[in-house]
Amino acid sequence: MPEPGSLELTGVRAELEELLYLEADLLDNRKLAEWLDLLADDMTYRVLIARDVHSKELAHQYHDAPLDVAWMDERKDLLERRVAQLATGIHWAEEPASRFCHLYTNFRLLGVDHEMGSGALSACTSCRFLIYRNRLHEEEEWLVGKRTDRVVRSESGWKFAERIVYLDQPVLMAKNLTTFL
Amino acid sequence: MTARDALGTHETPLRTLVDVAGGRASRELFVSQDLYDQEQEMVFGRAWLFLGHESQIPEPNDFCLSRMGEEEVIITRGRDGGIHALLNSCTHRGMKVCRYDSGNARTFTCPYHAWSFSNDGRVVGRPGELINVPGYKSRYHEELEKEAWGLIQVPSLCVFNGSIWGSWDPDAPPFESYVGGMGMWLRFALDSRDGHSDGAEVIPGVQKWRTACNWKLSPLNFSGDVAHVVSHKSVDMVGIGPSGVGRRDDKEEGGGAFGWPDLGHGGTGWVAAPEEDYVQPASFRNFPEVARYFEEARQQRRELRRGELHFQGKGSIFPNMSFHEEQPRTVIVAHPVGPTMTEFWRYYLVDKDAPDEVKDILRRYNISYSGPAGLTESDDLENWSAATAASKGFMARRSYYNFQQGLGHSVPYEAVPGCVWAGHEYSEQNQVIFLKRWREFMEGRTWPQLMHHEPVLGDVRFPLAGDR
Numbered sequence: 001m002p003e004p005g006s007l008e009l010t011g012v013r014a015e016l017e018e019l020l021y022l023e024a025d026l027l028d029n030r031k032l033a034e035w036l037d038l039l040a041d042d043m044t045y046r047v048l049i050a051r052d053v054h055s056k057e058l059a060h061q062y063h064d065a066p067l068d069v070a071w072m073d074e075r076k077d078l079l080e081r082r083v084a085q086l087a088t089g090i091h092w093a094e095e096p097a098s099r100f101c102h103l104y105t106n107f108r109l110l111g112v113d114h115e116m117g118s119g120a121l122s123a124c125t126s127c128r129f130l131i132y133r134n135r136l137h138e139e140e141e142w143l144v145g146k147r148t149d150r151v152v153r154s155e156s157g158w159k160f161a162e163r164i165v166y167l168d169q170p171v172l173m174a175k176n177l178t179t180f181l
Numbered sequence: 001m002t003a004r005d006a007l008g009t010h011e012t013p014l015r016t017l018v019d020v021a022g023g024r025a026s027r028e029l030f031v032s033q034d035l036y037d038q039e040q041e042m043v044f045g046r047a048w049l050f051l052g053h054e055s056q057i058p059e060p061n062d063f064c065l066s067r068m069g070e071e072e073v074i075i076t077r078g079r080d081g082g083i084h085a086l087l088n089s090c091t092h093r094g095m096k097v098c099r100y101d102s103g104n105a106r107t108f109t110c111p112y113h114a115w116s117f118s119n120d121g122r123v124v125g126r127p128g129e130l131i132n133v134p135g136y137k138s139r140y141h142e143e144l145e146k147e148a149w150g151l152i153q154v155p156s157l158c159v160f161n162g163s164i165w166g167s168w169d170p171d172a173p174p175f176e177s178y179v180g181g182m183g184m185w186l187r188f189a190l191d192s193r194d195g196h197s198d199g200a201e202v203i204p205g206v207q208k209w210r211t212a213c214n215w216k217l218s219p220l221n222f223s224g225d226v227a228h229v230v231s232h233k234s235v236d237m238v239g240i241g242p243s244g245v246g247r248r249d250d251k252e253e254g255g256g257a258f259g260w261p262d263l264g265h266g267g268t269g270w271v272a273a274p275e276e277d278y279v280q281p282a283s284f285r286n287f288p289e290v291a292r293y294f295e296e297a298r299q300q301r302r303e304l305r306r307g308e309l310h311f312q313g314k315g316s317i318f319p320n321m322s323f324h325e326e327q328p329r330t331v332i333v334a335h336p337v338g339p340t341m342t343e344f345w346r347y348y349l350v351d352k353d354a355p356d357e358v359k360d361i362l363r364r365y366n367i368s369y370s371g372p373a374g375l376t377e378s379d380d381l382e383n384w385s386a387a388t389a390a391s392k393g394f395m396a397r398r399s400y401y402n403f404q405q406g407l408g409h410s411v412p413y414e415a416v417p418g419c420v421w422a423g424h425e426y427s428e429q430n431q432v433i434f435l436k437r438w439r440e441f442m443e444g445r446t447w448p449q450l451m452h453h454e455p456v457l458g459d460v461r462f463p464l465a466g467d468r
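Residue numbers (the working numbering), protein chains in the order written: chain A, 1 to 181; chain B, 1 to 468.
Among the hints, erroneous ones may be present.
[What the hints assert, rightly or not] In the DSS-like style, the derived pairs of lysine-lysine whose C-alpha atoms are separated by at most 27 angstroms in a straight line are: (1) B:K251 / B:K233; (2) A:K31 / A:K146; (3) A:K159 / A:K76; (4) A:K31 / B:K233; (5) A:K56 / A:K159; (6) A:K76 / A:K31; (7) B:K146 / B:K96; (8) A:K76 / B:K359; (9) B:K96 / A:K56; (10) A:K146 / A:K159; (11) B:K359 / B:K251; (12) A:K76 / B:K233.
Worth flagging that the hints you see were computed from the coordinates, not collected in a lab.
In this text, all values refer to a predicted model and were calculated from it rather than measured experimentally.
Using the sequences plus the hints, can you model the full thing?
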């Protein structure tokens with residue numbers, strides 16, 4: 001496969017960058033059913049807990065062992081339930097509705113490959129996020145961190161297949177997590 | 001007048017703040033800086049506090065950070081395997097001697113002036129002892145009394161079925177007496193499902209987050225505030241339960257709010273029965289491997305614990321630790337940060353010998369329910385923060401919270417000494433019990449008084465049916 005930064009992949013890179021901004025628009029505009037369409041059926045979604053470690057042990061800065069506790073560690077069925085819960089109109093953590101701004105930046109295409117079996121094109125990407133939440137007049141929260149995705153191209157476009165979110169707050173300074181990162 | 005000044009009298013302002021007989025509590029408890037300041041010494045300075053679990057520090061010299069009230073403590077396992085708790089503040093100039101969440105170290109050397117402390121008592125037999133000071137010979141002329149300047153040690157420590165508890169009061173009664181009959185519930189959470197003692201472990205990774213609420217709202221909520229489940233209707237509607245409906249697999253019959261009026265603990269549980277007669281309905285129907293694991297474990301438990309009383313539930317242990325014993329299986333500690341700010345620490349428990357596949361499903365179910373991202377808990381946090389915010393104003397503070405549901409309808413639960421309930425009709429008895437205990441601590445009662453071995457003049461007892 002071509003190198004991630006090569007000209008041949010400029011188109012792929014542009015598509016994936018656009019996907020990121022589309023995702024932000026869907027989340028900020030609460031078009032969550034459409035957002036779910038961006039997720040592969042077997043998607044895994046994990047938001048890791050950070051901790052304070054020695055500078056020589058940075059490999060352990062996030063709880064990322066398979067059986068560690070995370071903020072969220074879900075498959076698509078639970079993400080769908082979250083969306084359904086928001087749609088009930090009585091999920092009090094999001095009533096009245098918050099205002100979100102998902103800012104995605106520092107996008108990088110890390111690698112492109114073909115999936116084993118299906119042969120579908122698959123890409124690994126990384127970005128930074130800054131998510132602003134404002135609700136109930138004056139409440140403000142900022143969620144900041146890093147994110148990696150594996151994205152797979154299907155007949156209906158690119159789908160997120162695996163997401164790992166590195167939320168950079170060992171003590172989360174938000175009272176609850178009610179959006180997707 | 002402070003609570004300390006009120007010692008020995010029975011006409012204290014605290015009595016007007018917590019009206020046990022009338023089932024009311026002043027909003028000052030949830031917003032007042034003065035009361036908050038007093039709580040640090042009177043409640044968090046004396047009560048048994050949850051510090052963590054042995055599985056967090058399995059090897060010699062392992063350590064992890066925890067909290068007691070506003071302060072940070074280091075939980076260490078010495079070379080001999082003994083567990084100690086030390087205030088994380090250098091005795092020289094106060095710097096934190098440990099700033100890593102966990103690790104393995106025999107000594108803690110302060111970054112500021114390099115005073116160095118042991119994790120156990122290997123030299124003079126006192127955990128946290130000062131073992132090295134730069135310039136001890138040349139500049140201190142060997143006159144520094146090292147024995148007197150070790151890290152401040154938590155004097156009362158107890159490991160209860162793997163859970164670690166500490167009290168700043170060297171005269172605190174044994175934890176077993178402090179927790180009383182509620183210990184049966186705690187044991188159930190901490191034993192493995194097949195009935196073996198100490199079979200649980202904390203899954204690595206403690207969720208920590210801050211919410212702008214008073215810390216007491218959390219234990220009050222978890223002490224058996226059944227009426228609040230209406231706020232979780234949205235979760236029930238979408239069904240995260242492991243059998244595909246609701247929030248969890250609940251037993252349909254036999255539930256009630258059980259509380260310990262003399263101890264301050266309480267929660268919601270199910271009527272006790274001999275182990276061999278205890279009925280545990282099927283669970284985790286959507287996850288056959290977990291359902292099978294639990295069913296086999298229950299059968300083993302029936303044999304192992306035959307003849308013992310099976311009494312289980314979820315609730316709060318005074319002052320700030322609450323747990324769910326089964327679905328989800330988790331501990332939450334509400335650490336005070338200010339009168340209107342709390343730092344929550346949530347731990348998740350699982351049988352340490354369970355297959356990884358089972359651990360993985362349980363882990364993911366538990367965090368879908370609890371924690372700041374939990375579909376259920378996220379709404380609780382909204383309730384507590386908004387209740388706190390709306391209780392701050394001068395007009396709000398003139399009025400009381402209402403805890404009158406079922407008050408005066410509780411009766412002794414004969415199967416368990418010291419325990420009361422209002423039958424299968426849920427009530428707010430446990431919140432009143434918690435508030436009564438809070439007042440007893442805030443009044444600065446002696447331990448014999450707190451343990452109700454000695455009477456207190458003019459004391460108001462918890463109202464039971466037939467008192468009126």
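For each hint, the structure was consulted:
no.: 1; hint: B:K251 / B:K233; result: holds (18 angstroms)
no.: 2; hint: A:K31 / A:K146; result: holds (23 angstroms)
no.: 3; hint: A:K159 / A:K76; result: holds (12 angstroms)
no.: 4; hint: A:K31 / B:K233; result: holds (23 angstroms)
no.: 5; hint: A:K56 / A:K159; result: violated (36 angstroms)
no.: 6; hint: A:K76 / A:K31; result: holds (16 angstroms)
no.: 7; hint: B:K146 / B:K96; result: holds (19 angstroms)
no.: 8; hint: A:K76 / B:K359; result: holds (20 angstroms)
no.: 9; hint: B:K96 / A:K56; result: holds (20 angstroms)
no.: 10; hint: A:K146 / A:K159; result: holds (19 angstroms)
no.: 11; hint: B:K359 / B:K251; result: holds (22 angstroms)
no.: 12; hint: A:K76 / B:K233; result: holds (22 angstroms)
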